[in-house]
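**Q** Single-letter residue listing:
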Amino acid sequence: MSQMNGASALVASLEAAGVDVMFGIPGGAILPAYDPIFSSSIRHILVRHEQGAGHAATGYAQVTGRVGVCIATSGPGATNLVTPLADAAMDSVPVVAITGQVPSVAIGTDAFQEADIRGITMPFAKHNYLITDPADIPRAIAEAFHIASTGRPGPVLVDIAKDALQKMTDFKYPTSVSLKGYQPKGAPDAQAVIDAADLIAQSSKPVFYVGGGAIKANANRELLELAQLLGAPVVTTLMARGAFPDSHPLNLGMPGMHGTVSAVTALQKADLLITLGARFDDRVTGKLSTFAVNAKVIHADVDPAEIGKNRFADVAVLGDLRLTIAALIPVLKAALAKTRPDLTAWLHQMNSLKAAYPLGYDMPEDGSLSPQYVIERLGKISGPETIFAAGVGQHQMWASQFVSFENPRTWLNSGGLGTMGYAVPAAMGAKVGAPDTTVWAIDGDGCFQMTNQELVTCALNNIPIKVAIINNESLGMVRQWQTLFYEGRYSNTNLDSKRVPNFPMLAEAMGCVGLSCDRPEDVDATIEKAMSINDQPVVVDFRVNRDAMVWPMVAAGTSNDNIMIARETAPDWDSQEL
Amino acid sequence: MAQHTLEVIVENSPGVLARVAGLFSRRAYNIERLSVGPTSNPETSKMEIVVNLDGHALEQVIAQLDKLINVLSIKEILPHSAVPTVHDTQPDYQN
Ligand SMILES: Cc1ncc(C[n+]2csc(CCOP(=O)(O)OP(=O)(O)O)c2C)c(N)n1
Ligand SMILES: [Mg+2]
Numbered sequence: 001m002s003q004m005n006g007a008s009a010l011v012a013s014l015e016a017a018g019v020d021v022m023f024g025i026p027g028g029a030i031l032p033a034y035d036p037i038f039s040s041s042i043r044h045i046l047v048r049h050e051q052g053a054g055h056a057a058t059g060y061a062q063v064t065g066r067v068g069v070c071i072a073t074s075g076p077g078a079t080n081l082v083t084p085l086a087d088a089a090m091d092s093v094p095v096v097a098i099t100g101q102v103p104s105v106a107i108g109t110d111a112f113q114e115a116d117i118r119g120i121t122m123p124f125a126k127h128n129y130l131i132t133d134p135a136d137i138p139r140a141i142a143e144a145f146h147i148a149s150t151g152r153p154g155p156v157l158v159d160i161a162k163d164a165l166q167k168m169t170d171f172k173y174p175t176s177v178s179l180k181g182y183q184p185k186g187a188p189d190a191q192a193v194i195d196a197a198d199l200i201a202q203s204s205k206p207v208f209y210v211g212g213g214a215i216k217a218n219a220n221r222e223l224l225e226l227a228q229l230l231g232a233p234v235v236t237t238l239m240a241r242g243a244f245p246d247s248h249p250l251n252l253g254m255p256g257m258h259g260t261v262s263a264v265t266a267l268q269k270a271d272l273l274i275t276l277g278a279r280f281d282d283r284v285t286g287k288l289s290t291f292a293v294n295a296k297v298i299h300a301d302v303d304p305a306e307i308g309k310n311r312f313a314d315v316a317v318l319g320d321l322r323l324t325i326a327a328l329i330p331v332l333k334a335a336l337a338k339t340r341p342d343l344t345a346w347l348h349q350m351n352s353l354k355a356a357y358p359l360g361y362d363m364p365e366d367g368s369l370s371p372q373y374v375i376e377r378l379g380k381i382s383g384p385e386t387i388f389a390a391g392v393g394q395h396q397m398w399a400s401q402f403v404s405f406e407n408p409r410t411w412l413n414s415g416g417l418g419t420m421g422y423a424v425p426a427a428m429g430a431k432v433g434a435p436d437t438t439v440w441a442i443d444g445d446g447c448f449q450m451t452n453q454e455l456v457t458c459a460l461n462n463i464p465i466k467v468a469i470i471n472n473e474s475l476g477m478v479r480q481w482q483t484l485f486y487e488g489r490y491s492n493t494n495l496d497s498k499r500v501p502n503f504p505m506l507a508e509a510m511g512c513v514g515l516s517c518d519r520p521e522d523v524d525a526t527i528e529k530a531m532s533i534n535d536q537p538v539v540v541d542f543r544v545n546r547d548a549m550v551w552p553m554v555a556a557g558t559s560n561d562n563i564m565i566a567r568e569t570a571p572d573w574d575s576q577e578l
Numbered sequence: 001m002a003q004h005t006l007e008v009i010v011e012n013s014p015g016v017l018a019r020v021a022g023l024f025s026r027r028a029y030n031i032e033r034l035s036v037g038p039t040s041n042p043e044t045s046k047m048e049i050v051v052n053l054d055g056h057a058l059e060q061v062i063a064q065l066d067k068l069i070n071v072l073s074i075k076e077i078l079p080h081s082a083v084p085t086v087h088d089t090q091p092d093y094q095n
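So the protein sequences, as listed, match chains A and B. All letters in the first sequence, in the order written, are residues 1 to 578 by the numbering used here. All letters in the second sequence, in the order written, are residues 1 to 95 by the numbering used here.
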């Protein structure tokens, strides 16, 4: 035990928690902490906006599987963290946020830069703390890391009053954390696993409905073994892309609003959903009352509140997903040895749908650039080890559709909250976590204009990410809805971003290399040029056709049965035996 | 819908009432009656929450409450009826 002030106790606690990097911006209330940070072994990356710090922590956490850390001052510094923390909550990302708070005597007086950030983050943070006594700092930090990283991961905020950072305390970091009110389940109950195996062995049309939990639980190897053992089709949600290789013949791709015909139909027509770390989000189910009406449901998840939240589970398997699948494999093997259902007809149906309705796009007739083509080439040229981070919009859906994901933790996006501006800072955090891996942000021209300031951070801190702006000079996804549902009345979706800003010049001004490309024949050479620059961030302005749309599509609030493969074009169901 | 009473033991930590009340409001569940009192343990308090919810919705409230780190235990004082098999708790989104 040693005497130090609260600020030093905070930094010593972060070191003890194994933190190697954090992203943040100092200010009055957190200033005491920045003094020991100055001499700490922890790398502090000075961002340009706290939102960038939060998404960077998320990007770091998503690629490393470790807790991402961000730090900000009170008031506006803290409120700027709200969006990324809400984002991390929706996508179950382990993040710890440290904020300074006004001195404890000033709390509640509307003091300068006072904001009740604990109250503000209460609705979505996995947990949060307001610390006014320096003696509480080490325990709060230890608990925050424990809570953020175990069970269903999520963001935890630790708000610390300035005087608690300044006062002296005895430092002792807890050797273990035990919380009476928080005991996430590890291994599943044996009986639940047996029930699941029995249900699987009786099913003739099963499908693995795999969600982001499979990646969070590092369950991809077990998943591969389980899927091959049963030989049933697999769908990977937007959050699960990479949990199961896209190249695997059992993979039908992404389900949901912009999912493949085969993945959407597999869920709709299945007699059993083997749900692994997924949560029946409305973007996957479409109109819930018409979703997979003939299917029984096995729901394996670590969060008890997800079981039965949106869809009744016939068998619930509560526990860590990796341990759950590992436990299921031998039990299912034994069950299948007794009765093995014949899945041939089911697989044949799904494979013929997959063959009849592959993802595709048309090259624009006027010779302009197709956004899907650009994204497909990015995936092909940079290869399956590359990490991709997307913004939110059409480019995000195309990235999920046209990049082939082979490995977990190579696809980062804001799935639950749909946060425009996620890509650049998330890519920055990803590159910090995986410095030897190529990291591409695939961003929209709209999204890029929300958070591109972090390219300055990247340029100054040797974080050479690459950014592909899919510049359709529009808030493209919103424009697509206006095309489809508002008679083409394009209210406030024209960004004019082929005129202003000049993205390559903006990139150069921020210390990056700026490139641009507007002809299909130049795409490969431009990507290769960007790939050859590794000592500076690179930004490529891909000036694409603005009228391209994301297909297939299930319109919001409608049934998955009404999936469209193009405007006013449904799949030819009569030619399919379903 | 029948009234159900939940007896919730919580840690006596600041903000815990806001956490519980906030959970009910953001998940759009009404609280019929709420009382908070001491227990024999000075580190915990007992909340009695009366809700007008059944089956699935009640199970969800309990499951979500249980996720709050400061909630130590939840006991239902009245028994509740069986779970229906079809659940459509989501609004049909138009956005
Ligand atoms: C912060 C935020 N504001 C608004 C939206 C609503 N929204 C969803 S997609 C989109 C358009 C995004 O435009 P862009 O980044 O150019 O991507 P594109 O769809 O054109 O590929 C908007 C405005 C959002 N998701 N996030
Ligand atoms: Mg755009």
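Quick caveat, the hints were computed from the structure, so don't treat them as lab data. Where hints are given, some of them may not hold.
Stated by the list, open to error - Straight line, CA to CA, 30 Å or less: simulated DSS-like cross-link-like pairs of lysine-lysine: (1) B/K75 with A/K180; (2) A/K287 with B/K67; (3) A/K287 with A/K380; (4) A/K529 with B/K75; (5) B/K67 with A/K180; (6) B/K67 with A/K185; (7) B/K46 with A/K167.
Given the structure is predicted, the values throughout are model-derived calculations rather than measurements.
**Q** The structure should be examined with respect to each hint, and the outcome stated for every one.
**A** A quick look at each hint next to the structure:
1. Note on B/K75 and A/K180: the hinted pairing holds, with a Cα-Cα distance of about 16 Å set against a maximum of 30 Å.
2. Taking the CA atoms of A/K287 and B/K67, the gap is about 27 Å. The hint holds against a cut of 30 Å.
3. Of the pairs offered as hints, the one joining A/K287 and A/K380 is violated, with about 35 Å between alpha carbons and a cut-off of 30 Å exceeded.
4. Distance hint between A/K529 and B/K75 is unfulfilled; the C-alpha atoms sit about 64 Å from each other, more than 30 Å.
5. The hinted pair formed by B/K67 and A/K180 meets the criterion: a straight-line CA distance of about 12 Å does not exceed 30 Å.
6. Straight-line distance between C-alpha atoms of B/K67 and A/K185 comes to about 12 Å, which keeps the hinted pair within the 30 Å bound.
7. Of the pairs offered as hints, the one joining B/K46 and A/K167 is violated, with about 34 Å between alpha carbons and a cut-off of 30 Å exceeded.
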